[in-house]
Structure formats: C-alpha cells, structure tokens
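Chains as they are written, first to last, in the numbering used here: chain A, 1 to 109; chain B, 110 to 589.
Don't take each hint at face value.
Claimed, not checked - Only some residues are given here: those of chain A computed to face chain B with a beta carbon under 7 Å:
id : residue
1  : H29
2  : L47
3  : A76
Unchecked claim - Cut-off 20 Å, straight-line C-alpha distance, at most; resulting in silico cross-link-like pairs (EDC-like, lysine to aspartate or glutamate):
id : chain 1 : residue 1 : chain 2 : residue 2
4  : B       : K260      : A       : D27
5  : B       : K175      : A       : D74
6  : B       : K467      : A       : D7
7  : B       : K260      : B       : E449
8  : B       : K260      : A       : D74
As the list claims (entries may be wrong) - A few chain B residues that face chain A, going by a derived Cβ cut-off under 10 Å, partial list only:
id : residue
9  : G252
10 : S258
11 : Q511
12 : R512
13 : E515
In case anyone wonders, no lab produced these hints; they're calculated from the structure.
In this text, all values refer to a predicted model and were calculated from it rather than measured experimentally.
Glycine included, C-beta positions come from ideal geometry on N, C-alpha and C.
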Amino acid sequence: MAVVTFDPGHARFVIAGNLRFFLSTTDGHVFHLLRAACPHRGGPLHLGQLDADAGTIRCPWHDGEVSLRCLQRDAAPLVVRPGSATAVVPDPGGEPITVDGRLVLATRR
Amino acid sequence: MQHKKHIPLDERSKSPVVEDYDVFAQCLQAYGESDLYADIETWLVEDNPYRRPLRPHVFKYLDFRKPLTREELLTYTSLTASRTLLTLYESDFVLLPRRDLASKRADLEEFYGRRAQVLGAVVRPWLESYLFSFLDDTISVSGRWTLASMKEYFESFLAEERRRTECPMASTLLASADPAHAARTCLLQLAGDFLLESSAMGRNAGGHYGPLQSEMFKILIDELGYGVHQTRHSSLYEGALESVGLASTPHTYWQFYLGSSLLLNNYYNYVCRNHGRFFRYLGALFQAETAFIALCRRMADTLRQIFGPRVDVRYFQEHAHIDGHHSRMVYDKMILPAVEMFGEGIIPDIVRGFEEGKLLTDIATQDFIDQVAWSDGSAHWKSLAPAIHRNIEKSHDKPRVQRFVEPRGELSVTHVHDGDELCFIQSGTMRFVTGHERSVLLHAGEGTVIRRNRLHGAIIESDECTYDIHSIGEVQRWLS
Chain A
1 MAVVTFDPGH ARFVIAGNLR FFLSTTDGHV FHLLRAACPH RGGPLHLGQL DADAGTIRCP
61 WHDGEVSLRC LQRDAAPLVV RPGSATAVVP DPGGEPITVD GRLVLATRR
Chain B
110 MQHKKHIPLD ERSKSPVVED YDVFAQCLQA YGESDLYADI ETWLVEDNPY RRPLRPHVFK
170 YLDFRKPLTR EELLTYTSLT ASRTLLTLYE SDFVLLPRRD LASKRADLEE FYGRRAQVLG
230 AVVRPWLESY LFSFLDDTIS VSGRWTLASM KEYFESFLAE ERRRTECPMA STLLASADPA
290 HAARTCLLQL AGDFLLESSA MGRNAGGHYG PLQSEMFKIL IDELGYGVHQ TRHSSLYEGA
350 LESVGLASTP HTYWQFYLGS SLLLNNYYNY VCRNHGRFFR YLGALFQAET AFIALCRRMA
410 DTLRQIFGPR VDVRYFQEHA HIDGHHSRMV YDKMILPAVE MFGEGIIPDI VRGFEEGKLL
470 TDIATQDFID QVAWSDGSAH WKSLAPAIHR NIEKSHDKPR VQRFVEPRGE LSVTHVHDGD
530 ELCFIQSGTM RFVTGHERSV LLHAGEGTVI RRNRLHGAII ESDECTYDIH SIGEVQRWLS
C-alpha cells in the first residue's frame, strides 16, 4: 500500500503501476476514487457518462452501464478535505505513483 | 399484530429531533432568559462557573435554520451557538466554585435546574446540527478501507508529524508585537478546555465495552493524575496560568474565548456525549494525542523564551512526554483492537474523527493567529478611521449606520461582526477592547476598524459617549 496526497482541484487521475483511478462525485460533497477500467473490457470509465439519478456510468467503449455502487464498493480509500486529498492505493512495486489533471467526464462538474 | 415499517438509516431525516424550528427558537430564547447568561459590567467572571454572558437579548434576531458552512464558522451566530452549546454541555459536569458557595448557590441550582435541562434537551441537538453539519460537507471519507490501508494512512501521518519542524502557534507568539500578551491570550484560549481536563473523555468512562474501556480508563487516569490532585493535568494547567498572572478558575476569561476555540472544545463533547460517535472519537483522540506531543514541546520552550524561568511549564512538559504513550496506546490498544473486534466497517468513522479533529484544530490555530495580528495592529486600524469616515461622509452610497448613546461604565460584551465595521466616536470616550487587558482609547473624532470575525468589546469611560457603527463591508473599498 502507498499513500498519495494531491490537490483535488487540479488533479483527478491517479496511476499506481498498472492501476488507474479517477476522482468522481455525484453531489459535490462525497468524493470517490474509482477504478478507471471498465469491468467489461477495460474501457476508460473516467471518460464515460455519469447518470447520478440512475447511479451508473456509461462506458464509452461498449455503452455498458456500470453501477456506481459497485465501483464505490471497490474504490480506493480516500479522504478529501479543503484543498487536499489523500488516498491509499496498492503499492506499484517500485514504480512511481503519478497524479495528473487529465480530463474526467464521469463526475459532477 | 401490526409492525412499524422499518426505515433504512440513510433514508431517515438527518434533522434534529425537534423538527419545528419555531419550537427550538422559543426554547432558545426561554433558555436565555436566565440571569446567568445576561450581559455583565465586568470583563471577567471570577470563580463562578455558572455565569456566562451569552448576549441572549440578540437570540431572537439570529437564524439557526440553515447549518453553517465552512466560510461561516467565525460569524456572530456561530459564536453565539458555540457559547450556548458549551454552556449546555458543561451542565453535565460537576462545577463548583472554590469559595463562597453560599452566595452562588442559587446560580448553581439554576444552572443545573430542571428548566435548563428541559430547554437544553431541545436546544442542544439543534445547535450541534447547526455547528457541525459542515463537517459532513467539508470532509469526504470514502472507498474500501481495510486494516492495511488504515495502517498505511496513519503511518504516513505519524511520519509527517515526526518530520514537522514548524509550529504556527509558537511562531505567532514570538512574532507578536507583544509576545507576553499573545502568550497569555493563547493560554486563556486553551483554559476553556484544559481546566476541565478530560471531562469530555470522561463521558466514555461508563458503560460496558470490554478491553477498550480499560484502555480508555488508563489514559483517563493519567489525565486525572492518578487521584493525586497536585498531579492532575488541570492542576498543572492552573499552575501555568497563575505563573503568568492569569486567574485559574474555569471560564474567568469566558468573554475572550474565540469562537473557534469554543468550537473545538464543543467538538470533543459532541463526539463523546453521543456514544454513536464513539469510533469518530477514537480517531479524534488519536489525532489530538499525537499532534499534542510536538506542540507541547514547542509551547514549553516558547513560553520560557517569552516569560523566562518563572513560567510554570509542567503541563506542557507532562504532555510532551505522556502523549507519546497516549498516542501509542490509542492506536495500538484501542484503534487496532477495535477494528479487529468490530470489523473494518468502523474505519471510515475513525478516519473521519481524525480528520475532523485536525481540521478544527487548524481552524482554531488560524483564527488565533488572525486575532493576534488584528490586535497587534490596533494603532494602524485606529489611524485609518478618520480617512474612512471622511470617505463615508463624501460618499453617495453610504453604508448602513447605527448610532449608540451609552453612559459611563456601559460594557459591550465581546462579540464579532460578519463584515468589516467602522466604529467612530462622535462625543465622549470609549475604551475599545481587543483582548484581555488589551485596549485602545478612542476620543471624539477618533475611531477604529473592526475587521470581520475579530473578537472585541468596549466600555464607556466618559459620562456619556455617542458613537456610530458603520457597516462598511470591506475596509479596502473605503481607503481610496
């Protein structure tokens, strides 16, 4: 396990080894660091379409509806407080953990 | 046989028990009708733990409907809520004056009386919700927490604490224009909590919760000095206060507590009074016991630097030592066994309490720093007043103004404003107070800028004083 701290106002994507996570919220208060790989074929869920009412993200590859509840159940442990976020992610085994500000569509903006 | 429909927890209302705001407002006003909470004509309340000015005449103008946001924490309504809530919480504790109980007996009866208890039972949950709901919106704890990820998270915090070299509180004291005054201000902020040392924690002494209870008790008996009064931590703190010329009876300096100091004190009662928040308290306790180690070490050094060898720093030395043990005890003997015993589902509560305690401590520290800076700048704020007043006179868009005519000795109990204000004297003399034994004298034609959220009071020192309070909103606007 490894701890990573970042500014959630600027960075919304975390890469730890071969795992990718993105920051998502449906209400602007509770944030989740969700696995970015669609459980179907690994599509980029962060570029999917969030439907907060239905509780799903539509994967951009095959239009599969992925349950937010399932994604949140397996989300990385995360704390978001004013100006900073801290997550605990799987140890990438010597590889650096990177955080970047790439486009995330599957979140309330 | 009919069964009531079960409502899942997350679908139930999160509102306080009494949902009718008008009922709450009526109870709050009725609670404030007691003489115990009325305005007084002195700055200090010596050796009477029941008397606490709450400015109850203002209650009816305040709106507690909507919980505070992070940005509103230091407003006047928040200060009132915090003062009132702490008063309510402390009616659970045994508070006795040192001397002359007979003359205070009626106050005691009223403070603990049935009327106060009944009204308090309605008022307290509202004020808790009003003050602390922002934490839910400000701190998000999510994801699949496991024992391993929690350990990693806290180990990271401990490593950060070990690396920490800066202490904003100590730096502020040393950099102040009057370090001794700033240090006394700091000590009296902490007195609200430390003179009742561990009273909030003591709420967890009872009950039946296995080995955790025994571990909690070990920490508690350290705090209470193992039954030897001279070694009680509150006794040590009394020594610290007295060594720098401050009174050591609880809440003597009630009027000079910053809203954020009260908020932090209230928080520990909030998570300890309702045992449904027990796991949050474990997190908050771990944070406090750990962060206190370095803080106390620095405070001992800083107080000696400021006051010399006469200052009694035993309280801080004791905590610099024993909290090393307490931090370890809370983590190894309470948090880890609790997770093992009750499952990983309690971890988000523990982490939440930890983060909440940290956030509220940071807010209180920054508020203290801002208050010291504003108080240090009294001469500057006074010097700006004539020019601002001239600009207001010339302006076509004048700010709201209230005129007051007050007699000699009239004391305005300390309070804050939600925006910048200009206090300008038309006639007579006012002593404008920015802290305990710190003030600036204002004569006719003089005034001062009262910055937003800064605690202040005033007393009239002429037979009569006429002064205006201009609600200027933001001081910069009136300086050009």
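Status of each hint after checking the structure:
1. At its closest, the beta carbon of H29 of chain A sits 5 Å from a beta carbon of chain B; the interface hint therefore holds under the 7 Å criterion.
2. Against a cut-off of 7 Å between C-beta atoms, the interface hint on L47 of chain A is violated, since the closest Cβ of chain B lies about 21 Å away.
3. The closest approach between the C-beta of A76 of chain A and any C-beta of chain B is roughly 5 Å, which is under the 7 Å cut-off, so the hint is satisfied.
4. A hinted pair counts as satisfied when its Cα atoms are at most 20 Å apart, and K260 of chain B with D27 of chain A does not qualify at roughly 29 Å.
5. Of the pairs offered as hints, the one joining K175 of chain B and D74 of chain A is violated, with about 34 Å between alpha carbons and a cut-off of 20 Å exceeded.
6. With a C-alpha separation of about 18 Å, the suggested pairing of K467 of chain B with D7 of chain A holds against the 20 Å cut-off.
7. Straight-line distance between C-alpha atoms of K260 of chain B and E449 of chain B comes to about 13 Å, which keeps the hinted pair within the 20 Å bound.
8. At roughly 18 Å between alpha-carbon atoms, K260 of chain B and D74 of chain A fall within 20 Å of each other, so this suggested pair holds.
9. Checking G252 of chain B against chain A: minimum C-beta separation of about 4 Å stays under 10 Å; hint holds.
10. Hint status for S258 of chain B: holds, given a least beta-carbon distance of 4 Å to chain A, under 10 Å.
11. Taken as an interface hint, Q511 of chain B does not check out: its beta carbon lies about 34 Å from the nearest beta carbon of chain A, beyond 10 Å.
12. Contact between R512 of chain B and chain A, as hinted, is not supported at the beta carbon level, the nearest pair being about 40 Å apart and thus beyond 10 Å.
13. The criterion of a C-beta within 10 Å of any C-beta in chain A is not met by E515 of chain B, whose closest approach is roughly 41 Å, and the hint is violated.
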